[in-house]
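Asker: Sequence:
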Amino acid sequence: MKTFETNPYKKIHSKDLIMMPWKNGGGMTTEIARGGKRTKNSDWGWRVSIAVVETNGPFSIFRGIERTMSIIEGNGMDLDSPDGGSFTLSLFKIFKFDGETALKGRLRHGSVKNFNVMVDRNLFDAYLEIINTRTQVTSSVAPNSIVLIHQVKGAITKIKHDQNFTSLAAQDTIVFENNKLIEVQSPSNSLLAIVRINKKHN
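Number 507 in the working numbering belongs to position 135 of the sequence shown; there are no gaps in the numbering.
Misleading hints may appear alongside valid ones.
The calculated lysine-lysine pairs, modelled on BS3-like cross-linking and capped at a C-alpha distance of 30 angstroms, are [unchecked claim]:
1) 485 - 409
2) 387 - 552
3) 468 - 395
4) 409 - 383
5) 387 - 532
6) 383 - 532
7) 395 - 571
8) 409 - 572
9) 552 - 383
10) 383 - 465
11) 571 - 409
Label-pair distances were calculated between CB atoms; the ranges are [what the hints assert, rightly or not]:
12) 462 - 561: 19 to 25 angstroms
13) 536 - 399: 25 to 31 angstroms
14) 462 - 532: 30 to 36 angstroms
15) 428 - 559: 33 to 39 angstroms
16) 537 - 561: 39 to 45 angstroms
17) 415 - 555: 14 to 20 angstroms
Simulated from the structure, these hints should not be mistaken for laboratory data. We put the beta carbon where it would ideally sit given N, CA and C, even for glycine.
Please take these sequences and the hints and turn them into a complete structure.
Answerer: Here it is, written out as structure tokens:
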């Protein structure tokens with residue numbers, strides 16, 4: 373895990389990632405990065421992690437948090453809400469929900485791996501994109517914004533920034549902050565998760 377405040381660029385190697393128990397004790401999460409500050413409830417304003425779900429059960433409750441999630445490995449799961457509704461989350465589909473919602477997950481066919489983004493909804497907006505095809509994307513990192521790119525698996529992805537290239541192997545991550553122009557060059561057999569976190573102007 374790495375914590376970010378003002379550094380414009382950081383690379384996180386897979387060997388630096390740490391595991392920690394879920395808030396409800398029902399499993400384990402690999403935390404990738406966290407940053408920002410909250411006034412209560414937590415020592416982070418945003419957090420990115422990966423969780424392996426091996427059994428059916430409830431989601432942890434995070435009050436004041438907006439959550440965005442996508443399954444990056446496995447055959448999907450059904451999410452049951454307190455009002456009796458049900459939603460099927462399939463591979464690479466993006467699902468956004470309030471952290472207060474008491475969801476229960478039911479695995480469809482075996483365990484799944486979830487990519488999770490959590491932000492304090494009063495401080496940040498978050499957007500998640502999963503890319504599983506060959507791509508070359510040029511993107512800008514706006515002021516008061518963060519772009520996090522995590523290589524889930526596959527061949528090496530190259531990222532150009534400030535006339536330099538940084539390579540990402542499987543499970544590596546790079547985080548950019550504030551006024552950056554980046555170019556992502558991903559081969560056809562790579563799987564990337566791209567997170568954009570924008571600070572709100574309250």
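Asker: Of all the hints given earlier, name the ones this structure violates by number, lowest first.
Answerer: Going through the list in order, the structure violates hints 13, 16, 17 and respects the others.
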